[in-house]
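Single-letter residue listing:
Number of protein chains: 2
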Amino acid sequence: MLVCSKCGREYPERFRLRCDCGGTLLVRHELPPGFSDALTGHLDMRRYVGLLPVSEEHLPEPVPAITPLSKLDIGDVTTFFKLEYLQPTGSFKDRGTWVTVAKLREEGIPEVVLDSSGNAAISLAAFAGRAGITAHLFVPAHTNPGKLRLLRKLGAELHIVNGDRMTVHWDAVRFSEEKGLTYVSHWLNPYFIEGTKTVAFEAYEQLSVPDYVIAPAGSGTLFLGLWKGFSELKIMGEIDELPTFVAVQASGHESLCKRSSVKSRLAEGIAITEPPRLEEMKAVLDETGGICISVGDSEIEQALEWLWGRGFIVESTSATVLAALWKLQESGFIPSGSRVLLPLTGSGLKMVEGI
Amino acid sequence: MLVCSKCGREYPERFRLRCDCGGTLLVRHELPPGFSDALTGHLDMRRYVGLLPVSEEHLPEPVPAITPLSKLDIGDVTTFFKLEYLQPTGSFKDRGTWVTVAKLREEGIPEVVLDSSGNAAISLAAFAGRAGITAHLFVPAHTNPGKLRLLRKLGAELHIVNGDRMTVHWDAVRFSEEKGLTYVSHWLNPYFIEGTKTVAFEAYEQLSVPDYVIAPAGSGTLFLGLWKGFSELKIMGEIDELPTFVAVQASGHESLCKRSSVKSRLAEGIAITEPPRLEEMKAVLDETGGICISVGDSEIEQALEWLWGRGFIVESTSATVLAALWKLQESGFIPSGSRVLLPLTGSGLKMVEGI
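Protein sequence lines, in the order shown, are assigned to chains A and B.
Following UniProt numbering, the numbering of the first sequence begins with 1 at its first residue and continues without gaps.
Following UniProt numbering, the numbering of the second sequence begins with 1 at its first residue and continues without gaps.
Just so you know, not all the hints are guaranteed correct.
What the hints assert, rightly or not - Among chain B residues calculated to face chain A with C-beta under 7 Å, some are:
1. 65
2. 66
3. 126
4. 180
5. 311
What the hints assert, rightly or not - Within a straight-line C-alpha distance of at most 16 Å, the following computed EDC-like cross-link-like pairs (lysine to aspartate or glutamate) qualify:
6. A/263 with A/301
7. A/327 with A/76
8. B/263 with B/299
9. A/71 with B/44
10. A/263 with A/297
11. B/327 with B/297
12. B/71 with A/56
13. A/234 with A/301
14. A/179 with A/164
15. B/71 with B/205
16. B/71 with A/44
17. B/234 with B/30
18. A/234 with A/211
19. A/263 with A/274
20. B/327 with B/106
21. B/71 with A/57
22. A/153 with B/305
23. A/71 with B/56
24. A/6 with A/280
25. B/258 with B/240
26. A/327 with A/301
27. B/153 with A/301
28. A/153 with B/301
29. A/147 with A/268
30. B/71 with A/61
31. B/6 with B/20
32. A/234 with A/205
33. A/71 with B/61
34. A/282 with A/254
35. A/6 with A/279
36. B/153 with A/305
37. B/71 with B/211
38. A/71 with B/57
39. A/258 with A/274
Derived from the structure by calculation, the hints contain no laboratory data.
Cβ coordinates follow ideal geometry from the N, Cα and C atoms, glycine included.
Looking at chain A on its own, in the form it has when it is part of the complex (with noise of 0.2 Å):
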């Protein structure tokens, strides 16, 4: 079923944005009695379907990968880079989208409204196109020409618009109303941290539990989903305790901290002031002990470099972690001997020819 995190009304487990009293929902599926006799034998994300609510049947194609982890001991602490940039269209949105098309397809929806120029909208201009669903995609008209072919190749309807962001997702708002077309707003849809959610159980079996997990926090779509997966554990009987999560935020666009009045350029991913999730993510720190961190360009800058240096070719809003976590170890917040997990996000290849 579909759970309102608000008002905790209950829907059955269709597609969905919203409960009616306005709150998110989140999916709260039958759990198997124990995770490791519920894993598949699948070298790739199929290895979880059991614990994700749709059927074999309609996940689609291309499968996203179980996605290495990478060990470096930073100063004291020992950390887990989970290179979550490995998968089909180079970002973890892979998961989320594969979960949620796949949601689509059961349900008989042919044709679907986003608004995003970012990697949701290649993501899902990639799954979509290939389970053969019409992708409406609304970007700004300031999108990277060489993004927006991209996005044609991918078999998407671009719809583009003059206009700020805000104006962006109205358009794609009464676009979908105007003509009764789903709109799947991956801020909103509780699907897509089914998908999300996996990351836990893979960095699980790599590592056990960390003592922290440090992700980006824009609309908490990874956040979240790293929660929900650990939280699943945890109720499966599989661990006792779930690891500290930090919320990494940009400078200027923060949500859960304080908001600085120098707004980053680098980490345009997380530039999401308003995220409709706001309050999930801030019972998410209370139930950890866990603390945001807010981290502006010279940092992110820096952590880049660090990354590209140690083999890791990720986009700059990735770097926030690390920078993050620098930040952590000299005020202390993370102690000596910490086992600390930082996914990476998105890819940096992207970057090449244009750098």
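Based on these hints, arrange chain B on the given structure of chain A.
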């Protein structure tokens, strides 16, 4: 041990590129009694470390991924696309580099030389840099500036050479001889093929034995790796017969097929007219009843469009295998009902800013 493919002479299992007779070398490592028993529990390439000539303690980071396999019916055959472009640096080369760097570490070699401006260079720069090995990369002066910056950021020592590809090659060889440094040409290096052979192990676990393998065949590092992987499965008694191997080459750059007059510009990854492992590739075609097929730019372009439209964001060299499949279906070489493995070798995300 290392065994010469030409005269059969044996050498100890150290880093070495050629036999004294000039012949190329392959590793003949003692195989475990059974394939399944040799697998480790790792969810990355370390799964196959029991079948590799390196010890676990020297394996570098990051560890290459187990890549997804994507199933698609094309006409009356079932294709399995292996997403080899989802590796840390965006190509299958990471598998070969990873085993190579493990071997270099085992032998305590601190500084190496390579000539390449493509995926092999990016891969070596990333893994060597991380492992504390200095990589001198000899690249042509006309290399894309974005790629040069990427190589520098990954920590490589760049040597920019005015002249054609052969001038670059001889400059690298001369430099390594003058300085007494190890030249690590992936065209010759037997440990590189030990890495690429794991593509066959994974594919076998994911789909069992295909009827056909259609692979790019420029220098032959992937083509021979696939053959070696399936051959070792046969030696271990895991499979009875090898798939039929199809070598795909690019118009104007053929070594196995008859040389065409029109030169392909899109398949730069396999534009190698005199591969040192030519005789070994011929032997694979003889052994498996396979053939060579050449494709041109208009066919590659059409195949690339098709792949992007199905969510496979690959570079143009990767599309050669699909162009080849289409031709072989038309000619009747690949019969109805066949199961065909097609590795997709390199990421197209590098093209996004530029396209």
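Hints versus structure:
1. Interface hint status for residue 65 of chain B: upheld, as the beta-carbon distance to the closest one in chain A is roughly 5 Å, under 7 Å.
2. A least Cβ separation of about 5 Å between residue 66 of chain B and chain A falls short of the 7 Å threshold, and the interface hint therefore holds.
3. Because the smallest distance between the Cβ of residue 126 of chain B and any Cβ of chain A comes to about 4 Å, under 7 Å, the interface hint for this residue holds.
4. Checking residue 180 of chain B against chain A: minimum C-beta separation of about 26 Å lies over 7 Å; hint violated.
5. Satisfaction of the interface hint for residue 311 of chain B is found here, the shortest Cβ-Cβ separation to chain A being roughly 4 Å, below the 7 Å cut-off.
6. With a C-alpha separation of about 14 Å, the suggested pair residue 263 of chain A and residue 301 of chain A falls inside the 16 Å cut-off, and the hint holds.
7. Using a Cα cut-off of 16 Å, the hinted pair residue 327 of chain A and residue 76 of chain A holds, with the two alpha carbons roughly 14 Å apart.
8. For the proposed pair residue 263 of chain B and residue 299 of chain B, the alpha carbon gap of about 13 Å is at most 16 Å, so the pair holds.
9. With a C-alpha separation of about 13 Å, the suggested pairing of residue 71 of chain A with residue 44 of chain B holds against the 16 Å cut-off.
10. A threshold of 16 Å between alpha carbons decides the hint, and for residue 263 of chain A with residue 297 of chain A the separation of about 8 Å falls inside it, so the pair holds.
11. With a C-alpha separation of about 14 Å, the suggested pair residue 327 of chain B and residue 297 of chain B falls inside the 16 Å cut-off, and the hint holds.
12. For the suggested pair residue 71 of chain B and residue 56 of chain A, the alpha carbons sit about 14 Å apart, so the restraint of at most 16 Å is met.
13. Annotation: proposed proximity of residue 234 of chain A to residue 301 of chain A is violated, straight-line Cα distance about 36 Å (limit 16 Å).
14. Only pairs whose Cα atoms come within 16 Å are accepted, and residue 179 of chain A paired with residue 164 of chain A is rejected, the gap being roughly 23 Å.
15. Between residue 71 of chain B and residue 205 of chain B the CA atoms are separated by roughly 14 Å; this keeps the pair inside 16 Å, and the hint holds.
16. Distance hint between residue 71 of chain B and residue 44 of chain A is fulfilled; the C-alpha atoms sit about 13 Å from each other, no more than 16 Å.
17. Restraint check: the Cα-Cα separation between residue 234 of chain B and residue 30 of chain B comes to about 14 Å, which is no more than 16 Å; the hinted pair holds.
18. Our distance criterion of 16 Å between C-alpha atoms is met by residue 234 of chain A and residue 211 of chain A, whose separation comes to about 15 Å.
19. At roughly 15 Å between alpha-carbon atoms, residue 263 of chain A and residue 274 of chain A fall within 16 Å of each other, so this suggested pair holds.
20. For the given pair, residue 327 of chain B sits about 45 Å from residue 106 of chain B by alpha-carbon distance, which is inconsistent with the 16 Å threshold.
21. Under the criterion of a C-alpha separation no larger than 16 Å, the hint pairing residue 71 of chain B with residue 57 of chain A is consistent with the structure, at around 14 Å.
22. The suggested pairing of residue 153 of chain A with residue 305 of chain B holds, with an alpha-carbon distance near 7 Å, which does not exceed 16 Å.
23. Taking the CA atoms of residue 71 of chain A and residue 56 of chain B, the gap is about 14 Å. The hint holds against a cut of 16 Å.
24. As the CA atoms of residue 6 of chain A and residue 280 of chain A are separated by approximately 9 Å, the hinted pair is consistent with the 16 Å bound.
25. As the CA atoms of residue 258 of chain B and residue 240 of chain B are separated by approximately 32 Å, the hinted pair breaks the 16 Å bound.
26. Taking the CA atoms of residue 327 of chain A and residue 301 of chain A, the gap is about 14 Å. The hint holds against a cut of 16 Å.
27. For the given pair, residue 153 of chain B sits about 12 Å from residue 301 of chain A by alpha-carbon distance, which is consistent with the 16 Å threshold.
28. A distance of roughly 12 Å separates the Cα atoms of residue 153 of chain A and residue 301 of chain B; the hinted pair therefore holds under the 16 Å criterion.
29. Distance check on the hinted pair: residue 147 of chain A and residue 268 of chain A sit about 15 Å apart at the alpha-carbon level, within 16 Å; holds.
30. At most 16 Å may separate the alpha-carbon atoms for a hinted pair to count; residue 71 of chain B and residue 61 of chain A meet this at roughly 8 Å.
31. Taken as a hint, the residue 6 of chain B and residue 20 of chain B pair is honoured in the structure, with Cα atoms around 11 Å apart against an allowance of 16 Å.
32. Of the pairs offered as hints, the one joining residue 234 of chain A and residue 205 of chain A holds, with about 14 Å between alpha carbons and a cut-off of 16 Å not exceeded.
33. Between residue 71 of chain A and residue 61 of chain B, the direct Cα distance comes to roughly 8 Å. Compliance with the 16 Å bound is thereby established for this hinted pair.
34. A distance of roughly 13 Å separates the Cα atoms of residue 282 of chain A and residue 254 of chain A; the hinted pair therefore holds under the 16 Å criterion.
35. Taking the CA atoms of residue 6 of chain A and residue 279 of chain A, the gap is near 9 Å; set against the 16 Å cutoff, the hint holds.
36. For the proposed pair residue 153 of chain B and residue 305 of chain A, the alpha carbon gap of about 7 Å is at most 16 Å, so the pair holds.
37. Under the criterion of a C-alpha separation no larger than 16 Å, the hint pairing residue 71 of chain B with residue 211 of chain B is consistent with the structure, at around 14 Å.
38. At roughly 13 Å between alpha-carbon atoms, residue 71 of chain A and residue 57 of chain B fall within 16 Å of each other, so this suggested pair holds.
39. With a C-alpha separation of about 13 Å, the suggested pairing of residue 258 of chain A with residue 274 of chain A holds against the 16 Å cut-off.
Of the hints listed earlier, those the structure fails to meet are numbers 4, 13, 14, 20 and 25, in rising order.
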